[in-house]
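Q: Here are the chains, one letter per residue:
2 protein chains.
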Amino acid sequence: MLASDIQTQATMCQLLGMNCNVPTDICFSFEGFCARGGKTDEHRDGWGIAFFEGLGCRTFIDVKPSIASPIAELIKNYPIHSTNVIAHIRKATQGEIKLENCHPFRRELWGKYWVFAHNGNLENFSPAAGDFYQPVGDTDSEKAFCLILNTLRETFPQGKPSLEQLYQVLKTITNSIACQGIFNYLLSDGEHFFAHCSTKLSYIIRQYPFAAAHLIDEDVSVDFQALARPGDQVAIIATTPLTDNEVWTTINSGELLVFQQGAAILS
Amino acid sequence: MLASDIQTQATMCQLLGMNCNVPTDICFSFEGFCARGGKTDEHRDGWGIAFFEGLGCRTFIDVKPSIASPIAELIKNYPIHSTNVIAHIRKATQGEIKLENCHPFRRELWGKYWVFAHNGNLENFSPAAGDFYQPVGDTDSEKAFCLILNTLRETFPQGKPSLEQLYQVLKTITNSIACQGIFNYLLSDGEHFFAHCSTKLSYIIRQYPFAAAHLIDEDVSVDFQALARPGDQVAIIATTPLTDNEVWTTINSGELLVFQQGAAILS
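Here the protein sequences line up with chains A and B, keeping their order. All residue numbers for the first sequence refer to UniProt numbering, where the first residue is 1 and numbers rise by one. All residue numbers for the second sequence refer to UniProt numbering, where the first residue is 1 and numbers rise by one.
If you are wondering where the hints come from, they were derived from the structure by calculation, not from laboratory data. Computed from a predicted structure; not experimentally measured. Some hints here could point you the wrong way.
Any copy will do: because identical chains look the same in the list, a pair fits if it lies in one copy or spans two.
[Stated by the list, open to error] Listed below are the simulated EDC-like cross-link pairs for lysine to aspartate or glutamate, each with C-alpha atoms no more than 16 Å apart in a straight line: (1) 98 <-> 53; (2) 91 <-> 42; (3) 91 <-> 164; (4) 76 <-> 244; (5) 91 <-> 138; (6) 64 <-> 154; (7) 112 <-> 138; (8) 39 <-> 232; (9) 76 <-> 31; (10) 76 <-> 25.
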């Protein structure tokens, strides 16, 4: 990759995800992530976050930069306990700064909500219209999400298949989309959490014995030992590490990981 | 209707909607409506509100009573300018108090978001599973919404038809669902706003010359003359009137109204 490419990619969107075995709030990670939306980085073109709570799912989106958004301020201070979270701060590449272009996107498939956020850029990406899902906005990201869901639905019309079957089809369509450009994404139905790395994505799993963590983007620490119980397990996935005193694992380019209950279970 | 039936109906959910010709905030109406979620009335089992902004749509839902919800507090104080709004406070009849059972519900149809909220109760309502949309939660309301969207999609597979064609099909499926119980609802795709009255629904259209309005549920007044411009037109639709110094129009039982640009255009 050329230096100019790295620069281009560094100015794209950023992703943050969480998957855990007990409902957990994301206030600490979101605070650091949020600072990248205009304070420590330049992702000022809107942001969004989705929380799964049981079968339910609520999404908060805003076209304001996350550091200036009253809704982001609420999310930082109002602990929502969730097992699967997907957040996104946007640096627009395709599609204007409009609400319909804010990630994460959500659709219902097989009677469950599916949520998707993308970091990257798919050049000249014009998939054929599918039978079920159509984009509302005009981003490459929502087109890719609709293509993924259309493919899953057409392949498995009866309902969600086994994880292994689902993974194979998702991997194939992901690889084909990734040929069009940079395609880092997070995807979840509240049961499984998929993380695809095209160029840049890392994760950390926090489990017993817990330690203290310190944010890179804000001078804030948290002592998880005081907050977590021995059996708790939390996976945090982010475009770049959020803390400077923990060891994050870099996901390989082309790798599609599946997390469940706070653990990476398939790759 | 027997006195006991009236009592039963009075304790169900409540609806609030807005349709207007210029993006307008709903802070004033929402403040009065919100009080009914545990202060002036007993609709304590969650609440929600959806805002259309251009093609985009954002929904805020919470299982907490609206009078005790930090998210409702944000909505009361953060003016979101929208042309179509649907809000709901819940008194659970079917389905537990869980996030997936909070109204409004949202799906994508023909590349646009559709939002739906229901006041009433459909006894023994078990429509056959449709080809496209499935409920995520277990309310009669979400089943009815999915049945409506499945019917529209099957009837018009090519995309949104003329309003007249859409209205006829929506009226037919609405009448057939309304045979199962009480079915007051609000439905919008951000372009048209549909309001169906089964037992209780009223509306008011605010336009030039604007006057002051005073809430029933909170001692709050607003002078629209100071806020609105001569061409502005705003329709507010609610289960029961929100103000005590304006004349609200009661929608007839069995009537399906369509609002656009702040005016009732079809019934």
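Q: Please go over all the hints and tell whether each is borne out by the structure.
A: Comparing the hints with the structure gives:
1. 98 <-> 53: between (27 Å within a copy, 9 Å between copies)
2. 91 <-> 42: So residue 91 and residue 42 pass the 16 Å test inside one copy only (7 Å; across, 44 Å).
3. 91 <-> 164: Neither: 34 Å inside a copy, 41 Å across copies.
4. 76 <-> 244: Close neither inside one copy (20 Å) nor across copies (39 Å); limit 16 Å.
5. 91 <-> 138: within (15 Å within a copy, 38 Å between copies)
6. 64 <-> 154: neither (37 Å within a copy, 38 Å between copies)
7. 112 <-> 138: between (24 Å within a copy, 12 Å between copies)
8. 39 <-> 232: neither (32 Å within a copy, 38 Å between copies)
9. 76 <-> 31: within (6 Å within a copy, 24 Å between copies)
10. 76 <-> 25: Classified as within; 10 Å inside a copy, 24 Å across copies.
Hint compliance for this structure: hints 3, 4, 6, 8 are broken, all remaining hints hold.
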